[in-house]
Structures are given as C-alpha cells and as structure tokens.
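K.L.:
Spelled out from the first residue to the last, the chains are:
There are 2 protein chains.
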Amino acid sequence: MTILTKNIPTADIIVEAHERIKPFVHQTPVMTSQSINAISGARLYFKCENFQKVGAFKFRGATNAVFSLNEDERQKGVATHSSGNHGQGLALAAKMQKIPAYIVMPENAPRVKRLAVEGSGAEVIPCKNTLASREETLQKVVEQTGAITIHPFDDYRIIAGQATAAKELIEEQGQFDVIMTPVGGGGLLSGTALTCHYWSPLTKVIAGEPSGADDAIRSMKAGTIIPCPQPSTIADGLLTTICERTFGIIKDHVSDIISVTDDEIVAAMRLIWERMKIIVEPSAAVPVAALLKNKEEFKGKKIGIILTGGNVDLDKLPFR
Amino acid sequence: MTILTKNIPTADIIVEAHERIKPFVHQTPVMTSQSINAISGARLYFKCENFQKVGAFKFRGATNAVFSLNEDERQKGVATHSSGNHGQGLALAAKMQKIPAYIVMPENAPRVKRLAVEGSGAEVIPCKNTLASREETLQKVVEQTGAITIHPFDDYRIIAGQATAAKELIEEQGQFDVIMTPVGGGGLLSGTALTCHYWSPLTKVIAGEPSGADDAIRSMKAGTIIPCPQPSTIADGLLTTICERTFGIIKDHVSDIISVTDDEIVAAMRLIWERMKIIVEPSAAVPVAALLKNKEEFKGKKIGIILTGGNVDLDKLPFR
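Listed in order, the protein sequences are those of chains A and B.
Residue numbers are given in full-length UniProt numbering: position 300 of the first sequence equals residue 300, and the series is strictly consecutive.
Residue numbers are given in full-length UniProt numbering: position 303 of the second sequence equals residue 303, and the series is strictly consecutive.
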C-alpha cells in the first residue's frame with residue numbers, strides 16, 4: 001500500500017494525479033444544448049466522459065491507480081472484480097503499463113464486455129453471479145498471483161483520479177453554481193466534491209441517485225452508512241453501496257442528493273439522446289433527471305454535469 | 001430568382017455563402033476514433049453534422065437560401081415539401097429571419113417531426129403521402145401565399161450552403177486523400193465536390209449510396225439521369241433522385257460511388273454508435289459502410305467523412 005491510500009487526497013495529490021494521467025486519458029469535450037437549457041431553465045455544461053477511453057470516467061481512476069504502482073507491485077499486476085466500466089478501465093490501464101491484469105467477472109456477464117476486457121490483454125476469471133463468489137474468486141486470484149487489488153471506489157488513488165473530471169471542467173469553463181454527478185459507490189461524487197472544495201468552494205455539489213439503490217440518501221439522513229437492502233435500478237452502474245472512504249468525504253462536502261425513479265432516468269436519457277445526439281448510459285442520465293425534477297431549485301444557474309459513461313447494450317434499450 | 005440559382009457556384013459564391021451562414025450555424029466538431037481507425041486501417045476524421053442545428057447538415061443549405069432572399073421575397077416567405085431534415089432546417093432558418101415558412105408534410109409523418117417544424121413557428125400543411133399530392137399541395141400553397149419554393153437540393157444556393165461542411169473540415173484539418181459523403185438528391189455530394197475542386201484538388205470525392213436507391217450509380221454509368229424505379233432503403237434521407245444541377249457537378253468531380261446494402265448500413269451505424277458514442281441516422285452511416293466494404297482501397301489514407309445527421313426515431317431502432 002502506498003501513502004495515497006491512507007489519507008483523503010489533498011489538492012496537491014489531485015494535481016499530481018491529474019499530471020500523472022493527463023497524457024493517457026482524453027480531455028473530454030464539454031457540450032451545451034440550447035434546447036435542454038430552454039427545457040430546464042438553467043445553463044448546463046455537460047462534461048462528456050462517455051467519450052472517455054473505454055467509454056466512462058472510470059478510466060481516470062483506474063489509470064491513476066495503475067500508474068501509481070511501484071516496480072514491485074507492477075511485476076505482480078492488478079486485480080479486481082467487475083462486470084462493468086471499472087474492469088474495462090483497469091484492463092486498459094494495465095495494458096498501457098504492460099503489466100498483468102486479472103478481472104473476475106460473473107459467468108453471465110455480457111459476452112461483449114468479456115471480449116472488451118480480453119481485448120485489452122487482461123485475463124478474465126469467471127465466477128458465479130453473487131457478491132460472495134466474486135469476492136472469494138478475487139481472493140483466490142490474489143493469493144495465487146500476488147496481484148494488487150484495485151477496488152472500483154474504496155481507494156483514495158481512484159477517488160483522486162475521478163476528481164480530475166471536475167477539475168478539467170472548472171479549468172475549462174470557470175466557476176459553477178452547481179456541479180452534479182450520479183452516486184453509486186461514491187468515487188466520482190467524492191472526487192468531484194474534493195475538487196470543488198479545493199478550487200471552487202462556492203460551488204454546490206449535488207448528486208442524483210436512483211430510488212431503487214438509495215443507500216447514499218439513507219446514509220446522509222442517518223449520518224452513517226445504511227446499505228439499500230435489495231438494490232434494483234436500470235442505472236446498472238449505481239447498484240453499489242458507498243463506503244467509509246467515499247462517505248467520509250460526501251457527508252462533509254456534498255450539499256444534497258436527489259432521488260429519481262427509473263422512469264425519470266429513462267426520460268432524461270432519452271432527452272439527452274434526442275437533443276444532444278450522444279449516447280449516454282442510464283447512470284449518466286441520473287443527475288439530469290434530478291435536475292429536471294427540481295427545476296425551480298436550479299433555475300438560471302450555471303450547472304456542470306458529468307456525463308459518466310456511454311456503455312449501453314444496443315440490443316436492450318429501454319425505449320418503446 | 002437571384003443570379004445564385006443560375007450558375008454552378010464559384011469559389012467566391014461558396015466563400016460568400018460561408019460568411020453569410022457562419023454566425024447562425026454550428027461549426028460542428030471533428031471527431032476521431034482510434035478503434036474505427038484500427039478496424040478500417042485508415043485515418044478517419046468525422047465531421048459531426050449530427051450536432052448541427054436541427055440535427056443535420058441540411059440547415060446549412062436552408063440557411064444560405066433563406067438568408068439570400070431579397071426584401072420582396074422575404075415578405076412572401078418560403079415553402080417546401082419535406083417530411084425530413086430539409087423541412088426542419090428551412091423552418092428554423094425562416095424563424096431566424098422572422099419570415100413566414102410553409103412546410104407541406106404527408107399526413108402520416110411522425111408527430112414528433114410535425115411538432116418540431118411547428119415549434120419553429122412554421123405552418124405545416126398536410127397532404128397525402130404521394131409525390132403527386134406533395135407537389136400539388138405545395139403548388140397551391142405557393143399560389144395562395146406567393147412564397148418562394150426552396151427545393152431541398154435542386155438549387156445552387158442550397159448546394160453552396162452544403163459545400164461549407166467540407167470547407168470547414170479542410171480548413172480545420174488540412175488536405176485529405178479522400179472525402180466521403182452519402183448521396184441522395186446530391187446536394188451535399190455536389191457541394192463537397194465543388195469545395196474539393198476549388199480548395200483541395202488532389203482530394204478524391206467518393207460517395208456511398210444505398211443499393212435500394214441507387215439512381216446516382218445508375219446515372220454515373222449511363223452518363224444521364226436514371227431514376228431508381230422503386231427506391232427503398234433504411235437510409236430514409238437518401239430516397240430522393242439526383243437532378244440536373246447536382247448530377248452536372250457530380251459527373252465531373254466525383255471519383256466513385258459505392259453501393260451498400262441496408263445490412264451494411266445498419267452494421268456501420270451500430271459501429272459508430274458503439275465506438276464513438278454518438279447518434280447518427282442510417283443515411284449518415286452510408287459512407288462508413290462503403291469504406292468498410294472496400295478497406296483495401298482506403299488503407300493508410302487520410303479520409304474525411306461527413307456524418308450527415310442524427311435524427312432517428314428511438315422507438316424504431318434497427319438493432320436486435
């Protein structure tokens with residue numbers, strides 16, 4: 001373990017993370033939409049991480065983690081369990097550093113996702129589709145290979161990497177009244193909150209969260225982490241539960257978390273597809289759904305929204 | 001009629017058109033995709049007219065035509081028959097100039113399209129879904145209102161407007177080995193061919209055309225316009241037949257037209273959606289399908305592709 005995993009990232013640590021990953025990640029474009037501005041009554045700036053490598057912001061954190069390893073750790077490689085964007089991000093970051101990567105994936109994961117991870121040269125280790133099986137299998141892989149486990153969000157190197165999306169947004173577009181993200185495990189939200197705390201302290205950080213996976217809202221109310229008993233939402237990137245590291249930052253630096261239903265998420269996703277002509281995944285539409293649900297609160301404000309990713313299965317779209 | 005409609009646009013006329021429309025159209029971004037480069041073996045630069053106002057390049061030509069009217073013509077307004085992008089483009093351009101617009105549309109046109117046109121303040125006049133009814137109805141509208149008919153492509157003002165997409169592409173990204181567009185009525189293709197002829201004479205202009213609406217290929221072979229008897233293709237923007245004005249330019253300045261099937265179009269469209277995370281309509285995927293069908297011909301070359309539009313009905317997507 002390096003020092004980076006022990007403390008909440010400072011401004012210097014986030015600057016370092018940004019310098020470290022800058023040559024390897026896309027500085028994604030910021031888009032605006034006159035028609036969604038008109039519909040919402042706010043001035044919106046969309047940071048398009050759906051255009052990031054592997055199609056999601058997760059590549060930022062994964063790259064920062066992998067590129068932070070020392071020589072000894074590099075030899076052993078990295079491992080995680082993921083059927084989603086973190087697995088793909090970690091696999092590609094490991095490929096760029098020419099180190100081994102082991103990705104534990106449920107055997108029922110979509111073939112296209114497995115192929116994408118394998119395409120980056122990572123080894124895919126199948127497991128049963130339960131959290132217990134995922135964790136056990138990962139444990140075995142780590143014992144056998146000595147690989148370093150890179151958690152998708154419970155890791156300050158990951159949080160510092162995700163913080164760079166909002167940092168780029170502010171550097172390019174100046175100060176915002178509000179910056180919005182979705183919240184799943186809280187890596188992006190906590191990183192965004194740190195960035196605003198350090199470089200734009202008057203900016204409110206507000207998250208959207210699916211009502212079917214509302215552990216962050218429950219936890220904010222209770223002041224302690226309360227998992228959602230049976231999380232279920234179309235926003236498949238947000239099924240995870242926040243952890244001590246992310247919640248510690250979120251409770252101090254996030255102004256509000258707004259709950260949205262799956263119908264509201266799909267409607268927001270459709271609006272983005274139709275008006276902006278870009279593909280975002282359901283999770284990415286969550287803050288837009290939160291904004292449209294609370295128009296009065298955001299009226300006339302300058303709002304940054306991080307569009308987190310664009311990985312959808314075109315064979316299973318929620319439009320009818 | 002102004003002088004602009006009487007002669008093939010000169011370089012000066014296209015420069016004038018560009019200056020005229022520049023403050024009102026988006027200078028659309030140029031995107032690249034490492035993965036589609038790897039798949040194709042070529043270096044591709046995508047001019048994203050799917051991000052243009054009304055979601056298609058058609059707004060360029062419509063704006064040039066509307067903004068070229070003299071005071072007397074402005075008073076009378078403009079008219080066309082269109083269920084697609086030209087109708088929307090003309091309606092918005094007319095709105096910007098605060099002049100009346102009359103758009104004849106088949107009564108079975110999608111509600112969302114009718115609403116979009118009406119949303120720009122244009123008057124929608126319903127007709128039966130036949131070319132005869134469209135033309136008759138338009139004729140009546142013109143007789144009643146004195147409005148100036150703006151044809152979607154058989155008009156040198158339109159051609160000069162469409163020529164500005166390739167002009168921007170070359171100005172931003174330098175010379176190309178090849179620039180590709182689809183061909184329907186030929187407005188974009190002939191405009192692109194003129195731009196290359198004037199400012200990048202070593203660039204080959206190559207089009208893709210749906211095999212189910214292959215009037216341009218038939219006409220190139222025959223040396224005279226041969227309509228396709230019963231045009232049918234998923235690329236609904238390309239059902240139209242080239243005309244004397246566009247064919248006159250195409251036969252002199254276009255190197256090749258490549259035929260592609262609907263399956264090839266859908267596969268190319270899917271590739272763009274999945275790899276680039278942007279929404280393009282079937283017509284826009286046609287040149288990409290043509291490129292992928294002839295990889296050897298394009299290998300290692302620097303290729304500009306005009307992605308013509310992004311207006312799809314999300315309820316009727318061709319993916320399974």
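None of these hints come from the bench; they were simulated from the model.
Hints may contain errors.
Because identical chains share one entry, a pair is satisfied inside a single copy or across any pair of copies.
[Said to hold, decoys possible] Here are the simulated EDC-like cross-link-like pairs (lysine to aspartate or glutamate), alpha carbons at most 20 Å apart as the crow flies:
#1 Lys-221 to Glu-172
#2 Lys-316 to Glu-274
#3 Lys-113 to Glu-274
#4 Lys-22 to Asp-236
#5 Lys-98 to Glu-71
K.L.:
For every hint, state whether the structure bears it out.
P.N.:
Results for each hint:
When the C-alpha separation of Lys-221 and Glu-172 is checked against a cutoff of 20 Å, the pair qualifies neither within a copy, at 34 Å, nor between copies, at 52 Å. Both within a single protomer and between protomers do Lys-316 and Glu-274 lie at most 20 Å apart by alpha-carbon distance, with minima of 18 Å and 13 Å respectively. Proximity of Lys-113 to Glu-274 under the C-alpha cut-off of 20 Å is restricted to the inter-copy arrangement: shortest distance 12 Å between copies versus 26 Å within a copy. Taking the shortest Cα distances, Lys-22 and Asp-236 never come within 20 Å of each other, neither inside one copy (28 Å) nor across copies (42 Å).
Taking identical chains as interchangeable, the C-alpha atoms of Lys-98 and Glu-71 lie at most 20 Å apart only when both belong to the same chain, with a minimum of 12 Å there against 67 Å between chains.
Of the hints listed earlier, those the structure fails to meet are numbers 1 and 4, in rising order.
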